[in-house]
Amino acid sequence: MSETTPLKQIMQERKSVRKYNPTAKISRETIMQLIEDATSAPSSSNMQPWRFIVIDDKEIQKNINFFSFNQEQIETASAIIAVIGDIKMYLNAEEIYAKNVELGYMPEEIANRLAKDALAMYGAAPTSTLENIVHFDAGLVSMQIMLLAKEMGYDTVPMGGFDKAKFAEYMELPENEIPILLLAIGEAAAPAYGSSRLPIDRIVRFNK
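The opening position of the sequence shown corresponds to residue 0 in numbering that gives the first Met the number 0, with each subsequent residue numbered one higher.
It cannot be assumed that every hint is accurate.
Unchecked claim - Pairs of lysine to aspartate or glutamate residues, derived as EDC-like cross-links and limited to a Cα-Cα distance of at most 20 angstroms, are as follows: (1) LYS165 x ASP56; (2) LYS24 x ASP55; (3) LYS57 x GLU171; (4) LYS18 x ASP55; (5) LYS61 x GLU71; (6) LYS165 x GLU186; (7) LYS7 x GLU28; (8) LYS18 x GLU58; (9) LYS61 x GLU186; (10) LYS163 x GLU71; (11) LYS98 x GLU35; (12) LYS165 x GLU74; (13) LYS87 x ASP116; (14) LYS87 x GLU176; (15) LYS24 x ASP56; (16) LYS57 x GLU71; (17) LYS163 x GLU176; (18) LYS163 x GLU174; (19) LYS14 x GLU186; (20) LYS163 x ASP116; (21) LYS165 x GLU71; (22) LYS98 x GLU71; (23) LYS18 x GLU171; (24) LYS18 x ASP56; (25) LYS87 x GLU168; (26) LYS163 x GLU74; (27) LYS61 x ASP162; (28) LYS57 x GLU186; (29) LYS24 x GLU174; (30) LYS14 x GLU150.
No lab work stands behind these hints: they were computed from the structure.
Could you put the whole structure together from the sequences, leaning on the hints where they help?
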């Protein structure tokens with residue numbers, strides 16, 4: 000797609016592709032840039048709880064497929080981007096808000112207060128609340144990854160159907176990092192099926 004492709008067209012053309020060219024390669028530099036661009040997504044208190052593991056080793060892709068219901072695309076995609084949620088993301092509050100001051104986004108006094116509030120609020124939150132937050136924020140950044148990938152000419156499919164406990168064990172994730180979804184990315188080998196949508200008047204209400 001060209002740099003001038005309208006966002007609406009990219010959104011309409013993005014489909015969940017499950018058939019990939021297994022010989023197609025995407026450079027790590029390209030994937031790093033893609034993820035960096037996607038992290039412009041909003042997050043709760045700007046805590047940016049998303050973490051990413053890019054899996055481009057075919058043997059590892061095959062291994063994780065053993066506990067991912069043997070989905071073909073996990074092994075044939077150019078890479079799998081595992082989207083992880085860090086439930087201790089608030090420990091980065093001071094660094095994040097200090098950077099906001101450095102970039103001139105806010106006065107130091109306000110940044111210090113916001114960092115302190117974030118540490119107190121999230122630090123006291125139950126694990127279940129933190130898990131809900133990181134799942135929500137992971138959804139926001141994942142959608143941006145998929146749209147940006149489509150703009151670059153690549154296809155994707157998000158997958159929540161995998162054994163997250165086994166994935167965490169295999170990838171040796173620390174306790175504060177929880178796997179949320181896997182994103183296959185690559186070159187489509189066959190078009191995806193179209194997908195219908197419910198009528199807009201069935202899903203939208205105004206006011207009460």
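message = Let me make sure I understand: some of the numbered hints might not hold for this structure. Which ones are they, in numerical order?
response = Hints 6, 7, 20, 22, 23 and 29 contradicted; others consistent.
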